[in-house]
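Engineer: Knowing the structure of chain X, use the given hints to seat chain U on it.
Residue numbers (this note's numbering), protein chains in the order written: chain X, 246 to 362; chain U, 34 to 467.
One or more hints might be untrue.
[Stated by the list, open to error] Now the in silico label distances, taken between C-beta atoms and shown as ranges:
(1) L248/X with G407/U: 55 to 61 Å
(2) R271/X with Y443/U: 30 to 36 Å
(3) E316/X with P421/U: 39 to 45 Å
(4) N259/X with G407/U: 34 to 40 Å
(5) E284/X with F333/U: 46 to 52 Å
(6) D312/X with I450/U: 52 to 58 Å
(7) D324/X with P421/U: 53 to 59 Å
Keep in mind the hints are simulated off the structure, nothing from the lab.
Here the structure is a predicted model, which is why all the values come from computation and not from measurement.
C-beta atoms are modelled at their ideal positions from N, C-alpha and C, and glycine is treated no differently.
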Amino acid sequence: MKLVIGIVRPEKANDVLEALYRAEVRGISMSRVQGHGGELDRVETYRGTTVKVDMNDKVRFEIGVSDNFVEPTIQAICDGARTGEVGDGKIFVVPVERAVRIRTGETDEAAVTPVGA
Amino acid sequence: MPALPLAQVTGIDTGDTAWMLAATALVLMMTIALGLFYAGLVRAKNALNTFMMCVSAIGIAGLTWALIGYSLAFDGSGDLIGGLHRVALHDVTFAPRTGTKIPELVFFAFQATFCIITVALIAGAVVERMRFRAWMVFAALWSVLVYPVLAHWGFGNGWLMSGGTLDFAGGVAVEMASGFSAFAAAIVIGARKDYGRIGLLPHNSLLVLLGGGLLWFGWFGFNGGSGFGTGEPSVLAFTNTLLCPAATLFTWMMLDLIRDKKVTAVGAATAIVAGCVLITPAGGFISPGWALVLGVLGTFPVYYLIVYRPRTRVDETLDVLAAHGLAGFLGILFIGFVAQQSWNGVSDGWFYGHIGQLGDQALAALATPLYAFGATFVLLKVLGALMPLRGPEPDEALGMDTIHHGEEAYPTGEGAILVTPEDGGEAPAPVAQT
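Chain X on its own, in the form it takes in the complex:
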């Protein structure tokens, strides 16, 4: 059981969701984050104030999956998020100690297995 964290371009978020859906990965959280991955800084000017902005909008997916779903999940995120330009994002896979489905009290593998699967 792993937690897959994918940080991607916001404009690719829909493509990632679609790819995850096709890979039959269910149960997804996403949030807006600010990140910097080595792409060019933007320079913005408001009246006399000039700033360089090196944090870019990114979308962060968090997906708890059973072990045999780790590879398909990684593949789906890569397929959906890749443009080939700097700033496409990162995927991190971290071990999960426990998982609980709040509605039923199921734990671990059962908690991250989609309902009806």
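Structural biologist: Below, chain U alone, put in the same frame as chain X:
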């Protein structure tokens, strides 16, 4: 010319002039209201760019109008185009504009605001992808080559007006002109890269409602001022500008209810604009009762075109063709049926015994779209051969605001590092403008 108090200039009516000064300011405000309306309808990363397309129209068309547009539209009575006597405001003074009791200076300013908002309206077809520099060049050329021609035809003593076509406040030069030009622009510029693939939603429906509401407010000056005074035509048009959009708003809400069992806010804002457009050509020519009927009947085609259009491949993004082109077309034709001399003092429509009026109206409804679409199509094709009209695809993903303006509509300031003059030389190069 020595300054004279207004009342001493022959033929000036101070009441008329006072209202026209206010009406001019109201119409100028409509361009900002349109900016709000449009900005709310696009995604957050393009909101500033969209608003700026409207704002820039004031700076661009305001200038071209003074330099040459006004003269081409309102000098002389040639059939196709005006003369050059009034180029750069020559002889535009305190003396009354022929046929009115207001100084020509006010008349000029009032008409300038019409040219400006018509240019801004076209932006709705190309937002979220057109390069801002290309937009500025297009706006300048369109405000000289297209608007003044149609303004001359419709209300500058050109062939439509002298032939008997009735157009109170710009069904020809503003509504059909912008709507069919927008249609051409959408085809030449092409669809956004994500169009038809993912949902591209309004980022702030409150702005849309606020903009729609302020447009309605300004439209009282737009229609109410198009009688160039405080006489009966203006009074009739003013009240019709309340009634017709109200009827459209009601009908639109009912159609929403029937379609999806929910009344939508973005739909309501759109209805307000469509209703104002429907009454624009007809305001001073039809009775208040017919204005209500126009508001109800006109809603159906506009509503269903707006529902249908996103299913096509034409990314006419903010539906200028439906809300302005089609609604203006319907308003112009409606005059031919229900104009009443007892209300307008000019002419009857078919229902009141003068079927010829419908012919005059149909002529305008045919000629205007042809010229607007054709001229804009050619203009953009030529412009596109000289400069890129849109940037590379990654620009669209990043958003027009940072690419073309170096600003964001909603900057947080988090992670922004101040660039001081001392380290200015070491500041990283800005993201290349395309």
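Engineer: All hints, please: hold or fail.
Structural biologist: Structure-based check of all given hints:
One distance hint, 55 to 61 Å for the beta-carbon pair L248/X and G407/U, holds here, with the actual separation near 60 Å. Remark: the range hint 30 to 36 Å for R271/X to Y443/U is upheld by a beta-carbon distance near 32 Å. Taking 39 to 45 Å as the suggested C-beta distance range, the pair E316/X and P421/U conforms, at roughly 42 Å. Hint check: N259/X to G407/U, Cβ distance near 38 Å, so the stated range 34 to 40 Å holds.
The hinted window of 46 to 52 Å between E284/X and F333/U holds, with their beta carbons roughly 49 Å apart. Distance hint for D312/X and I450/U: a CB-CB separation of about 42 Å, inconsistent with the stated range 52 to 58 Å. About 31 Å separates the C-beta atoms of D324/X and P421/U, a value inconsistent with the hinted range of 53 to 59 Å.
Hint compliance for this structure: hints 6 and 7 are broken, all remaining hints hold.
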